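K.L.:
All chains, please: the whole structure from these sequences, using the hints.
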Amino acid sequence: MNRPGNGLLLPRSMGIGRRDFLKGTAAAGVAAALATPAIAQNAKIKIPLVSWMWSEPGRGDAWKAMLAKFHAEQSDVFVEEAGAPFNEFNNNMLIQSQSGKINGAMFHTTPDLVVRLLRGGHLEPLQDIVDNLGLTNTLSAAHDHLRIDGKVHGLDIVTVKFGLLYNSALFEKAGVNPPSSMDEWVETSTALTKAPDQFGIYSPHLLSEPGDFWFILQQWAAMFDGKWAEGRTPLVNTQPVIEGMKLFKTMYDKAMPKGTDIATANQMYGNGRIAQQLIVSAAANVWSSSGPDVYKSLRSAPVPGPNAKAITRIHPICVNVNASDDEKAAAKAFISWLYKPANYQELMERCLDVVPPYPEAVRKEYLDTLFWADGYLKGESTTPVEIMGDYIFFNQEFGNVVMDKLSEVLVANRPVEDAMADAQSELERASERLFEGFKL
Amino acid sequence: MSVIASSSTGNRLRNLGKGVVFYAFIIGFCVIVLFPVYWMIVNAIQPLNHGMQFPPPLFPKEISFLPFITLFENYPVARWLVNSLLLAGMATLIVLALAVLGSFAMTFLKWRGKAAFGLLLLMTQMLPEALVVIPVYAMYSNLGLSDSLPALSLIDAAFILPICIWILKNSFDSIAEEIYEAALIDGCSPLGALLRTLLPLSTPGLVAISVVSFFYAWNEYLFAVTLIQSPDSRPVAVGLASLKVMLDTPIDRVLAAALFFSVFPVVFYLLIQRYIVAGLSAGAVKG
Amino acid sequence: MTFKVHRSQGFPLDAGNIERMAQATIAEQVERVPRRGRDRQSSLAYTLVFMIVAYLGVFILFPIVQQVLTSFSNNVVGINEVTWVGLRNYERLLDDPKFWVAVRVTFTYMAFVMTGSVIIGLGAALLLNRQFRGRNMARSVIAVPWAFPEISAVLVFIWMCNPTFGVLNMLALMFPGVETNPNWLTDPNMAMPLVIVISIWKAFPFAFLVILASLQAIPRDLYEAAEVDGASKLQMLRYITIPEITPTLLLMSVLMAIFSFKQFTLIWLTTGGGPYGGITETMVLRIYQTAFRFFDLAYGATLGVAAFIIVLGLTLLFVYAQHRQDRARKR
Chain A
0 MNRPGNGLLL PRSMGIGRRD FLKGTAAAGV AAALATPAIA QNAKIKIPLV SWMWSEPGRG
60 DAWKAMLAKF HAEQSDVFVE EAGAPFNEFN NNMLIQSQSG KINGAMFHTT PDLVVRLLRG
120 GHLEPLQDIV DNLGLTNTLS AAHDHLRIDG KVHGLDIVTV KFGLLYNSAL FEKAGVNPPS
180 SMDEWVETST ALTKAPDQFG IYSPHLLSEP GDFWFILQQW AAMFDGKWAE GRTPLVNTQP
240 VIEGMKLFKT MYDKAMPKGT DIATANQMYG NGRIAQQLIV SAAANVWSSS GPDVYKSLRS
300 APVPGPNAKA ITRIHPICVN VNASDDEKAA AKAFISWLYK PANYQELMER CLDVVPPYPE
360 AVRKEYLDTL FWADGYLKGE STTPVEIMGD YIFFNQEFGN VVMDKLSEVL VANRPVEDAM
420 ADAQSELERA SERLFEGFKL
Chain B
0 MSVIASSSTG NRLRNLGKGV VFYAFIIGFC VIVLFPVYWM IVNAIQPLNH GMQFPPPLFP
60 KEISFLPFIT LFENYPVARW LVNSLLLAGM ATLIVLALAV LGSFAMTFLK WRGKAAFGLL
120 LLMTQMLPEA LVVIPVYAMY SNLGLSDSLP ALSLIDAAFI LPICIWILKN SFDSIAEEIY
180 EAALIDGCSP LGALLRTLLP LSTPGLVAIS VVSFFYAWNE YLFAVTLIQS PDSRPVAVGL
240 ASLKVMLDTP IDRVLAAALF FSVFPVVFYL LIQRYIVAGL SAGAVKG
Chain C
0 MTFKVHRSQG FPLDAGNIER MAQATIAEQV ERVPRRGRDR QSSLAYTLVF MIVAYLGVFI
60 LFPIVQQVLT SFSNNVVGIN EVTWVGLRNY ERLLDDPKFW VAVRVTFTYM AFVMTGSVII
120 GLGAALLLNR QFRGRNMARS VIAVPWAFPE ISAVLVFIWM CNPTFGVLNM LALMFPGVET
180 NPNWLTDPNM AMPLVIVISI WKAFPFAFLV ILASLQAIPR DLYEAAEVDG ASKLQMLRYI
240 TIPEITPTLL LMSVLMAIFS FKQFTLIWLT TGGGPYGGIT ETMVLRIYQT AFRFFDLAYG
300 ATLGVAAFII VLGLTLLFVY AQHRQDRARK R
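Residue numbers (numbering that gives the first Met the number 0), protein chains in the order written: chain A, 0 to 439; chain B, 0 to 286; chain C, 0 to 330.
Estimated spans, in silico, between C-beta atoms of each pair:
id, chain 1, residue 1, chain 2, residue 2, range
1, C, A53, B, K17, 55 to 61 Å
2, B, Y37, A, E364, 51 to 57 Å
3, C, A53, A, A341, 54 to 60 Å
4, B, L57, A, L376, 45 to 51 Å
5, C, W83, A, S180, 53 to 59 Å
6, B, G16, C, S231, 18 to 24 Å
Each computed DSSO-like pair below joins lysine-lysine, with the alpha-carbon atoms no more than 27 Å apart:
id, chain 1, residue 1, chain 2, residue 2
7, A, K257, B, K243
8, A, K327, A, K68
9, A, K63, A, K295
10, A, K68, A, K43
11, A, K363, A, K63
12, A, K193, A, K245
13, A, K295, A, K377
14, A, K172, A, K193
15, C, K232, B, K17
16, A, K150, A, K339
17, A, K253, A, K172
18, A, K257, B, K60
19, A, K193, B, K60
20, A, K257, A, K245
21, A, K193, A, K295
22, B, K243, A, K63
23, A, K172, A, K257
24, C, K97, A, K248
25, A, K226, A, K253
26, A, K327, A, K339
27, A, K295, B, K243
28, A, K68, A, K363
29, C, K261, B, K243
30, A, K248, A, K193
Read the hints as simulated data drawn from the structure, not as lab findings.
As the structure is a prediction and not an experimental result, all values here were calculated from the model.
Glycine included, each C-beta is placed from N, C-alpha and C at the ideal position.
P.N.:
Here you go:
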C-alpha cells in the first residue's frame, strides 16, 4: 500500500525512453540503462510536461509553439512532450498517484483531478511564482480552491466557460435570434429542427460518454441558478435543478439527435446540421482548425436563463512535489516564464482563449478580433465549487447517480420529479460513506 | 456428406435445388458477418456527410482518400505501426519461448503438482486487466520500466501466456510419447528432444499460439495507455485513442485509422490461416 | 479440397484440457511407481515450471495479492489517512444493490454470449465442414471478426446503431409495425440484446475455428460404418458428431465464459452500462467505474475480489462437469 510521498526513487524524465530501450533486449538490461539520471546533452535539464493537449487540434500546436519560443530564449531547461490521450489522462494520473508518485516533473490537470492530487499531497506550492510576478492580488478567484494555507498549488492554463455557441447562418436562415426566455428557446430550437437533416441543439446524453455528459449537464441546472449541492447536502431535487432537467428532457424530445454520440454530433455541427451547443469557449478553437467553414458562422450568446450562471473551470498546470529540486526549479522557471504577460498573451491568442487568469494576461485588441466571443465575455460566472459544494471531490460519482436517473427520464419517460427524488435519496445515503476519512 | 456430389439423374434436380438453398444460406451468413467490416470501409472511403443521411447509401457515392491523407500527414501513423509490430512481435516471441517450455513440462515430464499448475494457469486467465493495472504500474515505475515497449510486451505476454500453454499442451498431447522416448534413447537430452523432435511436429500449435498472442498484444489497450507516455512510443491502439481529443473527435479520421488498424491483424490472420491448414494436413501424412 | 486429418493431429485446441488437469491429480496419486530418470525429469520440470510461475507471479499474482490487501483498507484517492478496515468493504458489498444487479447482468450476459457463440460457431462449423466450391473463402470470411480489433468493431457498431441515420434503421423499418427509427443502444429493451449480439459477432469465429478443426479430426470410418448400418444424417450427428466433439464444446464454453466475463471495451464504449439502472453494467464495468472514475480503490478491489471468487467457482463447476461427462462417456 504505497502512499504518495514515500518516494523510493525520484521520478525521472520520460523523454530519453525509447532509443535506449530498443538497444537493450533483456528487461534487466533495460532497467540498468534507464537508471542513469536524465540530464541530456548540452547540460540542459530535460523535464517532461505531461498533458493530454499535445494531440489537440489547435491547442497542441499552440503549446508546441510556446515550447519552441521558450527553448529559443534560454538553454538551461528543455521541456518535453509527454502524456496520454484525454480520455485516459485522469486514469493515468490516478494510477500513478496510487503507485506512490506521479511520473513527470510538471503536468496539466483537469478540474476534477487537481482537487484529488491536491489532497493527496502531490502538488508543489506555486505561490512564489505568483508573488514574484506581482500577481498576488490579481490572480483570478477561480484558483481559490487550490489554496492550502493561502498558497496556491496550481496555475490556470486554460479557463473554460460555458456559453451558447450557435451557427449564425442557420439562425438567419430560420429567422431566429438567440433566446430571451426559456420558452422562446424551446420554440426556436424546435423551429431549427428538421430531422433527420437538421437539429436545433445537441447536448451529450449517453452513459457511454459519462465525462462529457456530466460536464455539460451541470450547466443545465446552473441556467436556472441551480446548485447541485451545498456543503455535504445534495440538492438534486430542488426546484432549479428539476427545472433544468425538465428543460433537458424537452430539448431531448424536440430538438436533439437522440442517441447520438459526441463525435458524430460534432461532425454534424461541423456540417451545419446542428444549430446550437451549450459548450465551453475552448470549443471555438477546435472549430477554427477542424471546421473552418462553420467557424466563420460561429457566434455566442450568454447561457440562457433568467438568472443563468456560466460554470467556469480552470485547468491548472502543476509541479510534482516528488520531483528533484533541480526539476522543480526547472519547472518553476518554465511556469514563471509562461506567466509573464507577454508570453501568456501569446498563449491565449494561439489557443483562441477568452478568459485570462489575471487581467493583464489578455490584450483587449485581441479580444476585439474574436467575432464569436461576445456571449462568453458577457455571461455571469460561477465555479464548480460553488455549485457542487463538498461533492467537488466526488464529482463523477455524484454525476453518475444523476445521469443514471436522468437517463431513465430520457429513454423511459419517467417523471423528472420522481427520478430526482430517487437520486437525492441515493446521494444522501452515500454521503456519510463518501466523507468518512475526508477532513475538509 | 457432400452437397454437390452428383448422384443418380433423377435426384440431380432436387440436389440442384438443395445446392441453391445451401449456397444462398452460406452467402447470406457471410454477408451478415462481413457487413460491419464492409460498412466501416464504405464510410471510411466516402466523405462522411453521405453516411450521415437517412437512408444512408449502401454503396459509396464518391471515393475520397482525404481522411487517410490527413491522418498520415498529421499523425505519426508509421511510427505507431512500427511500435505495434515490435510490441506484438516481442510478446509473441516471449510467449512462444515460455509456452513451449511450460507445455513440455506439462506433457512429457513426470512431476507432482501438474494439476495445481494447470488450475493456476486457468485462474490467471480470468483476471480482468483493470484489476492489476495499479500494482503493475507501481512496480514498473519503481523499476524504471515505464515507457518501454519491451517492458510492456512482458506484461502483455504474461496475460496471454497461460492460455497459450494450454493450447500448445493440447498439440503436444497428440504427439505419441514413443517419439519423445525414442529421441531420448538416441542420446538427446530432454530439451534437445524438445527442440529437434517435438517442435517440428507441433507447427500448427505454434502457429496458433503465435496468432493468439499477436492479436492480444496488438489490441491490448489498458496497459499500453497506462505504461506508455511519450508520443514516440505509442502503439496503434493508443495512437487511435489519441485521435479523440478533449472537445473533438474527427470521426472520418478515426474510421480511417481504425480501418488501417484492422488491416494488419486481418491480413496476418489470412496469411497464417493457410499455414494452419497446411500444418493440419501435414499432420495427416505423419500420423 | 479435402483435408483428411488424423485424429491425433487436429487443431491444437480440440480436446478437453481442463478435464485432463483434473485427471492428472488422480493419476499422480495412483502412479507412485518410480521410473527411470524420473528424478532428472522432475528436477527439469520444476526448473521450467518455476520459471513460468515466477514470471506469472511477478506480473499477475503479486499484483493480485496487493489488490486483495487493498480490499481490506479504506484507500480512496485523496483520503487523509489509509488504514485497515477489516471486512467493512465486504459488508458494504453485501448491502450494495448495484453490485447484485451487476452480478445478475454479468451472468445473463455470460450465459447468452457463451451459448450464442458456441451454438453459432458449431452451426457454422457443421455447414463449412461439408465439401463445396468456395469453402475456403467462406471459412476465411467467417473468421474475420476474430481478427478485427474490438475498438474498430465498437466504432462501426455505434455508427450502424445511430437512431438518426444508422443503417440498421433501414432494416428495422422493413418490419411491419415499425414506423419510426428505434433508439437501439439507448432503448432499455434493446440495449442488452444488442450488446450480446455484438459480443457474439466478435467471439463466435474463434469457437467456429476450433470446432471446425475438431470436426475434421473425427475419424471418417466412424461415419462409413454408420452409413453401412443405414443411419440417417441426423442420427450420425446425434450419435457420432456431438459426442466426439463434446470435450471441445465444453472447453469452448469455458473460454467463451472467460471472454465474456472479462469483456470491457465492447460494453463500455457502446452503452457504458446503460441506458440506465445498470441494465448492461457487468462486474468488470462496475470495477472500472468504482476504481477509475470514482477513485474508490478499496471498494474497486473488493468488487474485483468478489467477481474473481464468483468466476473461480463457476470455472471449478465446469471442471467438475467435464470430468463427470468424460467418465460417463467412458462407461
